[in-house]
Every structure is written in C-alpha cells, then in structure tokens.
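Engineer: Required output: the full structure, derived from the provided sequences and hints.
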Amino acid sequence: MPSIFAENDLSGVVVGIEKMKLDLVELLESPSVASSCTFQATPVTPTPKQLPSLETPVVSKSGRRRSTERNRPRPSRSNKLDPLHSHLGSTDEGNNCEQFHQSPPKISITSPSRENTNIRRRSSSPKSSPSTPQRTPPPLPSILASAPGRLQSSHRTNRPRSSSHVDNKSWSRRDVDDEIKNTLIEPLTEAVQKSRTKLKIGDVYIFKATPQTEPHCKLLKIGSTAKSEKSRKDAIMNVCRFSSLKQHPDPRSMWLHLFEKAEKLAHGHLVDRKRKFVCPCGKSHQEYFDVDTKTAERVVQCWRQFCASDPYDAKGELRPFWKHRLGNLGNLRYWGSQEVEGLDELESRHRKWEEFANPRWLDKFRFDATVKVGKAWAKRLHIITVINLFIIAFFASPSLKLFCLWLMIVGSCMYWE
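If you're matching positions, the sequence shown starts at 1 in full-length UniProt numbering and goes up one per residue.
Possibly wrong hints are sitting among the right ones.
To be verified - Straight-line alpha carbon distances no greater than 30 Å define the calculated DSS-like cross-link-like pairs of lysine-lysine that follow:
hint, residue 1, residue 2
1, 379, 200
2, 246, 218
3, 323, 264
4, 283, 227
5, 315, 294
6, 233, 274
7, 283, 181
8, 375, 194
9, 227, 315
10, 364, 181
11, 375, 200
12, 315, 264
13, 198, 218
14, 194, 218
15, 208, 181
16, 276, 198
Claimed, not checked - Label-pair restraints from in silico Cβ distances:
hint, residue 1, residue 2, range
17, 342, 315, 38 to 48 Å
18, 338, 278, 37 to 47 Å
19, 321, 298, 44 to 54 Å
20, 315, 375, 41 to 51 Å
21, 342, 292, 34 to 44 Å
Bear in mind the hints are in silico, worked out from the structure with no lab data behind them.
The beta carbon of each residue, even a glycine, is placed where N, CA and C say it ideally should be.
Structural biologist: Structure, rendered in structure tokens:
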C-alpha cells in the first residue's frame, strides 16, 4: 500500500483507493469482525463519572484546547446516547459495522443554551414555583371606594334645609370685638372712595323680613342704599320672594357719605346673631339677623354717628385720633376693669362700642394737646431761641416791645402746625 501512495501518477492513486475499498469490504464481511462489532456495539448506559471519558476534546481556531466538560449535572446524557444504541443494535450487523468503522460515533452533549431553555420550560410549568415573586395587583384607590359615599353626601348638601340656623361658628365676646376692630382698621374700598369724592350719600335701613320657605321665622335685614328705601324693598321682593317684607320706621335716620361703611360695621357688631336660611334666589345672604328692632336701631345709630364724624382721611385710612382711641380701649368707660357685670351680652357690647364711637370734646382736646406738645418738644431749641430774643428786645428797648411780640407770634406759628 505504501508503494501505491508513492506513485505520482493520478491513475495509480485512483487504482490504489479502489483496492483499499475492496479490502475494507472484505474485512467487514468476515464473521470475526462482525462478532467483534456486535460485541463492541452493546450499549452501556454511562454514569455521570464516565461522561468525561466519552467526550472528545475540541480544538478552537486559536489553537488552544477547549474542554466541553461542564461543572453542572447533565441528567439528559443517557437520553442522548439512545440514537447510538438503536443504531448499533439493528438487525443489519454488517451495515452497522461498516458505518461504525467509516464514521466514529458522535456523542451529542447538551449545550448550556439548551439546558437553560429546559430550565425555563420547567420553571414556566404550573407545578413549579416561580423564580421571581409575582406582584399582586394593587388595591383599588380609596377615592373609588368612597365615591358612592361622596355622591350621597353631595346629594345631601344640595337638599334645602327645612329650618333656619345661626352661623355655625361659635363667637365669643372677644371674637366679636376683634371683628369690629378689623372692620374699623380696614381702609375704605375704591368704590366707597369714589362715592365719597362724588359726594354720594345714602342711608342704612332696617327691614322686617319673613322668608317664604320658613313662615314662622321673623328676621331683620340691615342694609344700605343710595336710593329710596321703597325702591330697594321692591327690588328685593322681585328676587327673593319673601312672604312679608316691611320697612321699619326709624326716626333717627340720616343720610351720610360713608353709609356703606356704617352698614359693614353694623354687620360686624351683630355677627354672632347672623341668621342663614334657604332663599329662592339661591344666594347665601349675610345681612339677616335674629335680633329685636330696638337693638338693631341702637346698633345702626351708633355706627351712623361714627361715620358722620369723618373718621377717615383722604387716603381712606383711619385718622390718628381714632387709631389712638382704638389702641387704648382699656382706658375707656365700660371697657376692661370698668366693665359692668351682670348685663346682657348685647347690652354690654353696645355700651362699650357706643362709648368708643361717641367721644367727648375733652377727649379730643387731650389728644390734640398731646400731639402739639410732642411736635413742640421736637422744636424746643427754636422756641427757646425766640423766647430769649423777645426777652432781650423787651428789656433793652421798650419801644420795640410790640415789634418783638409780633415777631415771636409770627415766627412760632410754623412750629405749631
């Protein structure tokens, strides 16, 4: 056979290959070889320890020897050898031996990718527990759960109430006094300022009202208008549809410029007696009170006189005298330690604020004197100089007495403004 491969002729090579084929066929057909092939083809189930001996090393392109052995167990190895066993255990022993000699058996090894896919399939089965915990669906928000309750509550609020009620806020004596103070300190609005500059006048009226929805309720409406009270009453009846609306005669009624401010002060004075009711017009009125007519007259007249005294300057700010008086309420009669005990709440409140709104002339004189003395003290050096000049001129030249007196009066007038 070596002589055949040594020939350089192509025909000789072909003849040599054909002879080798014939020799190989005769060798396979011999009974000794067939029995040996049958004996070698007996399948043996390999154990995990025998698996590394069946593997063939694989040489990579870089020339390094790479082992196909894996550390993880391969339970499906025996199943992969079943095709080889079935192939070697067939009835045609000759053909099987011939195929066995021509091509060595290839043992397939489970690749990591296939093993991973098997693991994924096993993990996705319903019997196996999931690798990652499944998230439970979030509970329904409380807004949806409480929606029917909110609808019911809104339905309840839209229902008209059967009876009138006093303002829900509980007003103490101090709260009412603070409400009046805030109303006093609050500057005049632009609308009031415009009506004041245009010399627009109006009045504060008192109406006796009986709501149509509550015939048993007798209320007093305190408002203001620049028109006649009769036209105002007709306008209210057309909108609010009262069962009864009558004008209360007030002999002390007066027209003034700050009539809107007087109305607001009267509302603050009776804020704890404010009465709410269901009106057909749909508005929430703030000018109806549950008091007697005598109390309403006294309150309205108190703040009429206050606004008639021009307590606000051209900028709409409260004048210094009233600011000083408001800051020293404890020194007034019926205030602080001088408050009369045992009186009704409305009576005590009326006495205190009537004392504030109606100062005596002596109170104004004291305040003006204090202010002027303060200004003079700031100019005390100038005043002393003028007095010294007058003394020197008077004793040095008696003929200049009248001139020095005139000079002192004229020179000191600018410091007393």
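Engineer: Each hint should be assessed against the structure and marked as holding or not.
Structural biologist: Here is how each hint holds up against the structure:
A distance of roughly 42 Å separates the Cα atoms of residue 379 and residue 200; the hinted pair therefore is violated under the 30 Å criterion. The straight-line distance between the Cα atoms of residue 246 and residue 218 is roughly 11 Å, inside the 30 Å bound, and the hint therefore holds. With a CA separation close to 18 Å, the supplied pair residue 323 and residue 264 stays within the 30 Å bound. Of the supplied pair hints, the one linking residue 283 and residue 227 holds, its CA atoms being roughly 23 Å apart against a limit of 30 Å.
Of the pairs offered as hints, the one joining residue 315 and residue 294 is violated, with about 35 Å between alpha carbons and a cut-off of 30 Å exceeded. Restraint check for residue 233 and residue 274: satisfied, since their Cα atoms lie roughly 20 Å apart, inside the 30 Å limit. For the hint pairing residue 283 with residue 181, the CA-to-CA distance comes to about 27 Å; that is within 30 Å, so the pair holds. Straight-line distance between C-alpha atoms of residue 375 and residue 194 comes to about 33 Å, which puts the hinted pair past the 30 Å bound.
For the suggested pair residue 227 and residue 315, the alpha carbons sit about 26 Å apart, so the restraint of at most 30 Å is met. For a cut-off of 30 Å, the pair hint linking residue 364 to residue 181 stands: about 20 Å separates their Cα positions. With a C-alpha separation of about 36 Å, the suggested pairing of residue 375 with residue 200 is violated against the 30 Å cut-off. This hinted pair checks out: residue 315 and residue 264 have alpha carbons roughly 19 Å apart, not beyond 30 Å.
Proposed proximity of residue 198 and residue 218 is contradicted: the alpha carbons are some 37 Å apart, above 30 Å. A hinted pair counts as satisfied when its Cα atoms are at most 30 Å apart, and residue 194 with residue 218 does not qualify at roughly 36 Å. Distance hint between residue 208 and residue 181 is fulfilled; the C-alpha atoms sit about 28 Å from each other, no more than 30 Å. Taking the CA atoms of residue 276 and residue 198, the gap is about 35 Å. The hint is violated against a cut of 30 Å.
Restraint check, residue 342 to residue 315: a C-beta distance of roughly 43 Å satisfies the suggested window 38 to 48 Å. Checked against the given bound of 37 to 47 Å, the beta carbons of residue 338 and residue 278, roughly 44 Å apart, stay inside it. In this structure the hint that residue 321 and residue 298 lie 44 to 54 Å apart at CB is violated, the actual value being about 24 Å. About 21 Å separates the C-beta atoms of residue 315 and residue 375, a value inconsistent with the hinted range of 41 to 51 Å.
In this structure the hint that residue 342 and residue 292 lie 34 to 44 Å apart at CB is violated, the actual value being about 20 Å.
The structure fails to meet hints 1, 5, 8, 11, 13, 14, 16, 19, 20 and 21 from the earlier list, while all remaining hints are met.
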